[in-house]
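Protein chains in written order, with our numbering: chain A, 953 to 1103; chain B, 282 to 372; chain C, 195 to 344.
None of these hints come from the bench; they were simulated from the model. It is possible that part of the hints are untrue.
To be verified - Here are the simulated distance ranges between beta carbons:
#1 C:G287 <-> B:G351: 22 to 28 Å
#2 A:V960 <-> B:A317: 43 to 49 Å
#3 C:I204 <-> A:G955: 35 to 41 Å
#4 B:P313 <-> A:L1002: 17 to 23 Å
Where is the CB? At the ideal position from N, CA and C, for every residue including glycine.
Listed below, chain by chain, are the residues.
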Amino acid sequence: MSGIIDVVYAEYNYWIYVTLMMIGFYAMIAKKNLIKKIIGANIFQTAIFLFYISLADITGGTAPILVGEHGAEHAEHAADVIYTNPVPHCLILTAIVVAVSTTAVALALIIRIYNEYGSIEEDVILAARRELQPEFSEHARQKGVAEVGEQ
Amino acid sequence: MKTLALFVVVITGAMLIYAGHDLPAFGDINSPSYQAPMTQYFINNSLEESGVTNIVTALLASYRGYDTLGETAVIFTAGMAVMLLLRRRER
Amino acid sequence: MSRIQESVIIRTIVRIMVPFIELFALYVIMHGASGPGGGFQGGVIFGAAIILYTMIYGIAEGKKKMSDSLDRILASTGLTIYAATGLICIVCGGMFLQYRAVPLLPDPAEVSKYLIDLVEIGIGITVLAVMISLFFDVSPPESEPEEAEE
Chain A
953 MSGIIDVVYA EYNYWIYVTL MMIGFYAMIA KKNLIKKIIG ANIFQTAIFL
1003 FYISLADITG GTAPILVGEH GAEHAEHAAD VIYTNPVPHC LILTAIVVAV
1053 STTAVALALI IRIYNEYGSI EEDVILAARR ELQPEFSEHA RQKGVAEVGE
1103 Q
Chain B
282 MKTLALFVVV ITGAMLIYAG HDLPAFGDIN SPSYQAPMTQ YFINNSLEES
332 GVTNIVTALL ASYRGYDTLG ETAVIFTAGM AVMLLLRRRE R
Chain C
195 MSRIQESVII RTIVRIMVPF IELFALYVIM HGASGPGGGF QGGVIFGAAI
245 ILYTMIYGIA EGKKKMSDSL DRILASTGLT IYAATGLICI VCGGMFLQYR
295 AVPLLPDPAE VSKYLIDLVE IGIGITVLAV MISLFFDVSP PESEPEEAEE
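Bound-form chain A, shown alone:
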């Protein structure tokens, strides 16, 4: 029993990131509201950031900034210092910027969709699109033909 607890404790960062990622994933696939989908995507991205940053951590390590004003002069001192892994930090800095950009464009598209259709619910938008464009999908086309036939 304590063995299992040790294993889980040693890897608890993975449990946290999986939990967060699945919350975001559920929001993305189950929610009909477009804003909630974007929130889900952001939680998903945050989970990945957390995963990478936790991979970079070293127990007892300091931030990847060289110790001393001019690190070369303190070379013998700097050799004792453990730095955390700088490579994932750099990758995630890139990823955060891309996440901000995609979120901004997605929210702008949602504002345009709201102005066009008066709703941000997926069902309402799809129904409105079927009325505007009968050729929107095969199923919708057949439905549209049936409605015209009824009239």
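Take the given structure of chain A and dock chains B and C to it, following the hints.
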């Protein structure tokens, strides 16, 4: 629909947890990504090669400078895209 | 005009705080080489200062501080600074963004340090202009602004 989504989410989460057991433990100094020659090279040589004490900045602006240029272009393009999407009606 | 925007306390505090937030943003940008910070972080902080001002004083006052045309010019200026730094390295005989090739100072690492600072300034200018422009884009034309989307 919601049940199906929950089912998919739980299965995917279980698979990720299962895969996570092969990854290094939290804070492990012997993790492959830290012991890789590339990481050690950046930590040891970034000051002499790029002159900045912040290793992340050295990576971001010097070793991966071309990528960061593209990143700046991405955020610029996002700003222009939002501008085009939302300000078109005013003109 | 909501009640929060009419509050004297909030208006005064914002007016006092904004210059200090901007100063802190400049500090973060310029210390990207030697401490925690960098162009992206500092640019976002600077943008947040202007967004805070606009949220309290209204869109019209905010646009006096940062007009649309200035926004567009700054956004492209930052990107141009970055790309020009890379091209200078080519002109001096190196590869694109190979800072050590520029013969400004005897120590190539020193040159690299200052050019990295220049590049960070370019990133910061672009990011602050884009953040402010995003805020102005999503806010309705003449009513009070919505919340920031960043």
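Hint check results:
1. C:G287 <-> B:G351: 22 to 28 Å: holds, 24 Å
2. A:V960 <-> B:A317: 43 to 49 Å: For A317 of chain B against V960 of chain A, whose Cβ atoms are near 27 Å apart, the range 43 to 49 Å is violated.
3. C:I204 <-> A:G955: 35 to 41 Å: violated, 56 Å
4. B:P313 <-> A:L1002: 17 to 23 Å: holds, 20 Å
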